[in-house]
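Asks: Residue numbers (the working numbering), protein chains in the order written: chain A, 1 to 338; chain B, 1 to 365; chain C, 1 to 122.
The hints are simulated quantities; they were obtained by calculation from the structure and are not laboratory data.
Among the clues, some could well be false.
Claimed, not checked - Computed list of lysine-lysine pairs in PhoX-like fashion (alpha-carbon distance at most 20 Å, straight line):
#1 C:Lys89 - C:Lys68
#2 A:Lys90 - A:Lys67
#3 B:Lys320 - C:Lys110
#4 B:Lys342 - C:Lys110
#5 C:Lys17 - B:Lys297
#6 C:Lys89 - B:Lys46
#7 B:Lys206 - C:Lys68
#8 C:Lys48 - B:Lys229
#9 C:Lys17 - B:Lys206
#10 B:Lys130 - A:Lys51
#11 C:Lys48 - B:Lys206
#12 C:Lys71 - B:Lys206
#13 C:Lys71 - C:Lys89
#14 C:Lys2 - B:Lys297
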Amino acid sequence: MQINANSIANVNSLVGSGNLLYGIVGIVVYAIIVALMLSVFGYSFGWIERKIIARAQYRHGPTYVGKYGFLQNMADLVKLLSKREIALSKGDNFMVRVSVPLMLSLSVFIILLLPFSPWLQATNIGFGLLLIFVAIAFFPMLVFLTGFSTGNKFGDISAQRSVLMLLSYELPMIVVVITIALVTGSYNLQGIIAAQSSHWFVILMPIGFIVMFIAMLAEFERPPFDLREADSELIAGWLTDISAPYYALVLFLDYTRMFMGSLIIAILFLGGWMGPSFLPGIVWMIAKAVVVALFVIVVRATTFRMRIDRVLHLGWLVLIPLSLINLLITYIVLLWIA
Amino acid sequence: MAITRINIGPVHPSTHGVLRLVVDLDGDTIERVEPHVGFLHRGVEKLVETRMYMQSPPYMEKLDYIAPLSYDEAYVSAVEKALGVEVKERAQYARVILLELQRIASHLLAVGTMCNDLGQMFTVFMWAFKDRDMVLKLLEEAAGNRMFYVNMRLGGLLRELPPDFEMQTLDVIDYMERRIPEYERYIEGNPVFMERMKGVGVLSQKDARNLGVTGPVLRASGIEYDVRKNNPYYVYDKLHFSVKSLEKGDNFSRYRIRMMEMRESIRLIRDAFDKMPAAGDMLGMPVKLRSPAPVNKEVRVSRELPRGEALMHMVADQQKPYRLSIRSPSFINLAALPDIAKGYRLADLFSILGSLDLVMGCVDR
Amino acid sequence: MKIDRDQLTAQVERMIKNGYDYLVKITAVDYNDHVEAIYTLRNMDANKDDTLEVEMSSADLWVPSVMKYFKAADWYERELYEMFGIAIKGRAVDRLLLEKWDGENPPLRKDFVWGVQYKTKD
């Protein structure tokens, strides 16, 4: 990734100086690298999750395909991809075909905006934080559209749940984001990481961290908030009528989204790429994300699914007040320091 | 809001077999549930009429494939009563031990699948499955088969319990005794579980009587009726155990009752081993072409299965049952579902279904 | 206790007053010339079971519904109708429970003809 480092760090200046072609090529190459990295980590998380959950359940998990069953998910993927697409007779096939790849590309887009080291970032725009959260809000919307357009009642219910959760979990998330912006004074991600050089934000605002973590779980359909594809209730919710190739993408998407969410939490609360200098920043960043992701997996192995009314109750009556309290406390702390 | 009608099943991850539920939803609230059963209807009651007495136990076991031994025993004791066969004393103790082991296995699976219905990622289910497997191994030691035992013979069992059976069983139930608090700590320590189970699916005592529910569902609603205590058979009246009941009648009570009953079963097994006479054998009559002539024309045998009370009503003929009517506990518990689930949310429907612990083979017969 | 089917509801009412408020099972036995419907009621507090046996000739099969006394009777009565062709008076049966058949050749009757394809209704 050294090759395009210089080119990427200064895309804005490159565009300004008229070397547009160079900038675009650089971004495309970087995007491909990011997509590959996302695939590798998404894939690995798929395996790690299967192994961890299997251990929690006195099982061995996949063992046959590849060393320690590492290639089991690949075999599953190939099997699913080799199946035919079943077109819906009632639903809107276009939306199904578009939304799942769109979600995958959205995760690549978000990761392009994330800084992996002081210079490793597609473009260091000033409002990166806001742009990320705008992009995140698209996921439930796409779930809603897909669920609604499959023309299936389970999909309908799943879509309704998706919107309800979007409404109740975006708000605390944005309040926490605003708090972070208040502390750092900018929406710039590099600025946010730089502001954590003395202490991570998880120490400054632990409540905000918890709120953000729970909201992220809800946003990315991780248990206990997997109500949208609640398998024991809605069969698979919005995925009920999605045929094999797209379903493979969705399974893959699950892990890429988890990795992406973990990266965002690592940046906002765990100091991003910062760490002792014997390792490069990107290693620290990914290590932090992996720790967060492992915690998410353990949560999945142990918890029960919440009910939609309790989820909304948690969102509106617990998380939003908590995020506001967090804002207040942080503001007071900041005033006190000043 | 308009009523949405959704169709759940017959093939659905959490209908415990082939059950179809037509649910009318007002938003997320259940207006009406209509269970459609009969997908597993095999006409066992008619089949039995065409078979000799001791040809039928394998059919009986397939009714309730989670607790096959209990049904087997219920049928065989109906035949014993009709033919006037006395069960040997040692065999009575052995039967009690095997039945209680079967009850533990069944309740473990009930708790495991119930957690699955609540959206647990198979963790409790797999734990329960592993522990159930230890019990099944014991039953395999005793009967020779892991799942369908066909172990009951007129007047006793197919064969003696193996010599080290007592030691092995005591080992397993010692392990179970340590394990059950672990389950409770894990399951009841989870706030999501508690808020989804407490106060959900409430069945009042009056409704429970009127709907005729049985077994753990009845006892969870505050009615302390257990055939083992109220109408003792075998040596249950000589053994120490208590019948538990809870007042609330919600999902959580139904789960608790099963946990408590497992403990009671462990007590029962220990006590049965203590009091089991050393002398005598437990072998039943071998299956012969001609069975003895019936002495009772019409018999009614009531047994406490893991899922509730089964009533075997048999009209005896010379070599075959003239009519066998089976009152299956799952059937009547499922019939109560529309009344229990009304007014709760869609997600609660599955936790209620899980807490009723249905086996569709037992419902459809 | 053998009783006439006209007195069934009155008898059930009387028994409920005596504490028999739990319906265990409704079933029937076909004795070729007549069919006997058997109601098992239970007094849980006194720990007693009692049966009501309703005899009727095979030509004229009906019993009054006891659903207004026991909700539990719902599925049992439907089963009775499907398995024996015993009509239940005083209630509507909108849907078949276990079987799919057209009202002929009820399976648990002794004159049941094996191997006849049912004409399905729904």
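Asks: It remains to establish, for every hint, whether it holds in the given structure.
Replies: Hints and how they fare:
Using a Cα cut-off of 20 Å, the hinted pair Lys89 of chain C and Lys68 of chain C holds, with the two alpha carbons roughly 12 Å apart. Distance check on the hinted pair: Lys90 of chain A and Lys67 of chain A sit about 44 Å apart at the alpha-carbon level, beyond 20 Å; violated. Distance check on the hinted pair: Lys320 of chain B and Lys110 of chain C sit about 14 Å apart at the alpha-carbon level, within 20 Å; holds. Restraint check for Lys342 of chain B and Lys110 of chain C: the C-alpha separation of about 40 Å exceeds 20 Å, so the hint is violated.
This hinted pair does not check out: Lys17 of chain C and Lys297 of chain B have alpha carbons roughly 31 Å apart, beyond 20 Å. About 25 Å separates the Cα atoms of Lys89 of chain C and Lys46 of chain B, which puts this hinted pair outside 20 Å; it is violated. Annotation: proposed proximity of Lys206 of chain B to Lys68 of chain C holds, straight-line Cα distance about 14 Å (limit 20 Å). For the suggested pair Lys48 of chain C and Lys229 of chain B, the alpha carbons sit about 13 Å apart, so the restraint of at most 20 Å is met.
About 15 Å separates the Cα atoms of Lys17 of chain C and Lys206 of chain B, which keeps this hinted pair within 20 Å; it holds. Between Lys130 of chain B and Lys51 of chain A, the direct Cα distance comes to roughly 18 Å. Compliance with the 20 Å bound is thereby established for this hinted pair. Simply put, Lys48 of chain C and Lys206 of chain B have alpha-carbon atoms about 18 Å apart, close enough for the 20 Å limit, and the pair holds. Note on Lys71 of chain C and Lys206 of chain B: the hinted pairing holds, with a Cα-Cα distance of about 11 Å set against a maximum of 20 Å.
A distance of roughly 16 Å separates the Cα atoms of Lys71 of chain C and Lys89 of chain C; the hinted pair therefore holds under the 20 Å criterion. For the hint linking Lys2 of chain C to Lys297 of chain B, the alpha-carbon distance of about 16 Å falls within 20 Å, and the restraint holds.
The structure fails to meet hints 2, 4, 5, 6 from the earlier list, while all remaining hints are met.
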